[in-house]
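Sequences listed follow chains A and B, in order.
Per my numbering, residue 1 is the first one in the first sequence, and the count goes up by one each step.
Per my numbering, residue 1 is the first one in the second sequence, and the count goes up by one each step.
Among these hints, one or two may not hold up.
Quick list of the computed label-pair ranges, beta carbon to beta carbon [claimed, not checked]:
| # | chain 1 | residue 1 | chain 2 | residue 2 | range |
| --- | --- | --- | --- | --- | --- |
| 1 | A | Lys69 | B | Asn154 | 50 to 60 Å |
| 2 | B | Lys215 | A | Lys116 | 23 to 33 Å |
| 3 | A | Lys116 | B | Pro142 | 21 to 31 Å |
| 4 | B | Pro33 | A | Ser145 | 36 to 46 Å |
| 5 | A | Ser145 | B | Lys215 | 20 to 30 Å |
| 6 | A | Asp21 | B | Pro142 | 41 to 51 Å |
No wet-lab data here; the hints were simulated from the structure.
All residues carry an ideal CB built from backbone N, CA and C; glycine is no exception.
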Amino acid sequence: MSFIEVRNLQKSFGPLEVLKDISFDVQKNDVMAIIGPSGSGKSTMLRSLIQLEQVGGGSIIVDGDYLVKDGIYTNPTDSKMINSKMGMVFQQFNLFPHLTVKQNLELAPKLVKKEKVEDYGHRSIELLEKVGLASKADELPSRLSGGQKQRVAIARALMMNPDILLFDEPTSALDPQLTKEVLEVMRNLAEEHMTMIVVTHEMEFASNVANHVIFMDDGKIVEAGTPDEVIKSPKELRTKRFLNYELNK
Amino acid sequence: MSYEYFMSMLIPMLEGAKATVLLFVIAIVLSIPLGFLLTLAVRSSIKPISYLAQTFIYVMRGTPLLLQLLFFVFGLPLLPVIGEYLVLDRFVAATLAFILNYSAYFAEIFRGGLISIDKGQYEASKVLGLSKWQTTVRVILPQMFRVTLPPIANESVSLVKDTALLYAVAVPELLHYAQTVVNRDFTIIPFFIAAGIYLLIAFGLTIVFKYLERKLQYE
Ligand SMILES: Nc1ncnc2c1ncn2[C@@H]1O[C@H](COP(=O)(O)OP(=O)(O)O)[C@@H](O)[C@H]1O
Ligand SMILES: [Mg+2]
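The following block holds chain A by itself, in its conformation from the complex (with noise of 0.2 Å):
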C-alpha cells in the first residue's frame, strides 16, 4: 500500500485550472522532487495534501484514509488526524519570529500534543543539535541567516514527528552557500529514510537525493519516474526544454 495516494486531482482559482488530472503514489521512504516551470502548480499540489488548498475533485489517501475522496473531503477529525502526519518547509521559512529558535520548536508539542517539558525539552534540543543550530537556541529568528532560518523551520517540522515532510521551494529565498547547509540537512534527512516531498529547482539535489522525480507542466504530469529517467533522459520535449533551461541557468 502507498502511503499517499493521489488520483485525479483537480483544482481550480474561480476560472483558472491549476491542477488537471493529477494522479501519483508515494511510498513511505521516498523522496519525491517535484520540478516543473513556475506557475505550473506545484506549490498548489503541495499545499492541497497538507489542506492549505481546497481540492474541486479527485482523491487524496494517506496512510490508508481519505483525505478526499472523489471531491468530497472527510470529517474534521479525520482529517486532522490525517495532518498530524506530514509536516512542511515553506520557501519563506515561517518562523514565528516573537518566539526563540527553542520556543519556535517547543510551541506545537506543547500545545498540540500537551507534551510535557521532560519530553519536548530534550527533543528540542537533539533537533537542534543536528540540524547545527544548538548553540542559536535562545536566539530570536531575526538573528539568523537565511540558511540558518530554514534549518530551525525542518527542526521545526520534525519536533511534531511527521511521517512525511513536504517542502515547497525550501533553498529558492537562499543564496548558493546557505543553499548548501540546508541541502546537506535534507539529505541526511533522507539518509535516515525520511519520506520527503520536495518542489525544487535543484535539479543536482533531484538527481542524487530523490529516487522519484515527477515534471509538471501546466497543471499535468508530464513526465515521471527516476532521475535517471526523467533528469537524465527525458522522452517528452516540454521536459527536454525545461531541463536545458534549468541546467543552463
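Using the hints provided, position chain B with the ligands relative to the given structure of chain A.
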C-alpha cells in the same frame, strides 16, 4: 511668588488632575480590549455582526467626540421612553462616551495590525496542528500588539489631551480648576501649571510605551 501661594493654586489643580487621570485609566483599560473585540466583530464571517461593528466604528470616528460627549451626558436622559432610566452620573456618562469613541480608534489600529501579519504565520500554525484559538492567542496577538504599540502610544497621548473635553460637560477636571484659579486671581500661571501636568503625564506614557516596545522587540 511665595511657595504657599503656588501651592494654593496647585492643590486644587491636582484634585482636578485626579479626575483626568481616573478618566484616562478607565478609558484606556476598557477601550483597548473593546477595540479588539470590535476588530474581531468586523472580521466576523457573520455578516450582520460585521456590518454593525463597521457602522459603529464609522459613526464614532466620523463625528466629533465633543458631540458624543454632549449626547451621552445631556442627550441620553432626553430619549423618549428609556431616557428616564439613562440619567447617569455625568462622569460615568462621559467616561462611557470616551470608552466607546476610543474603542473605535483602537479597532482601526488593530485591524491594520492584523492585516500586516504575514499569511505564512497562519499557514505555519495550521500545518503544525494549532487550533484557531491557539493560533490567535499564541502566534497572531503577540505580533499584532508589537506592531500596533506605536500607534496605540499615539492614541494614548491623544486621550490624555482629550480628557480636557470634560470641561465642556461640566465635569470638574484639571482644566476646570485651572480656569477657576485664573478667574479668581487674574493670573495665567495656572494655565502653565496645567500644561506642565499634561506634559508630565504624556511624558510618563511615552516612557512606559518605549519600554514596552523595547521589551517586545523581535525584529
Ligand atoms: N490563491 C490563488 N489565487 C489565484 N490563483 C492562484 C493562487 N495560487 C496560485 N494561483 C495560480 O495558480 C497557478 C499555479 O500556481 P502555483 O501552484 O503556485 O505554481 P508553482 O508552484 O508551480 O509555481 C499560477 O497560475 C498561479 O498564479
Ligand atoms: Mg511554487
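The hints, checked one at a time:
no., hint, verdict
1, A:Lys69 <-> B:Asn154: 50 to 60 Å, "54 Å, holds"
2, B:Lys215 <-> A:Lys116: 23 to 33 Å, "29 Å, holds"
3, A:Lys116 <-> B:Pro142: 21 to 31 Å, "23 Å, holds"
4, B:Pro33 <-> A:Ser145: 36 to 46 Å, "39 Å, holds"
5, A:Ser145 <-> B:Lys215: 20 to 30 Å, "25 Å, holds"
6, A:Asp21 <-> B:Pro142: 41 to 51 Å, "43 Å, holds"
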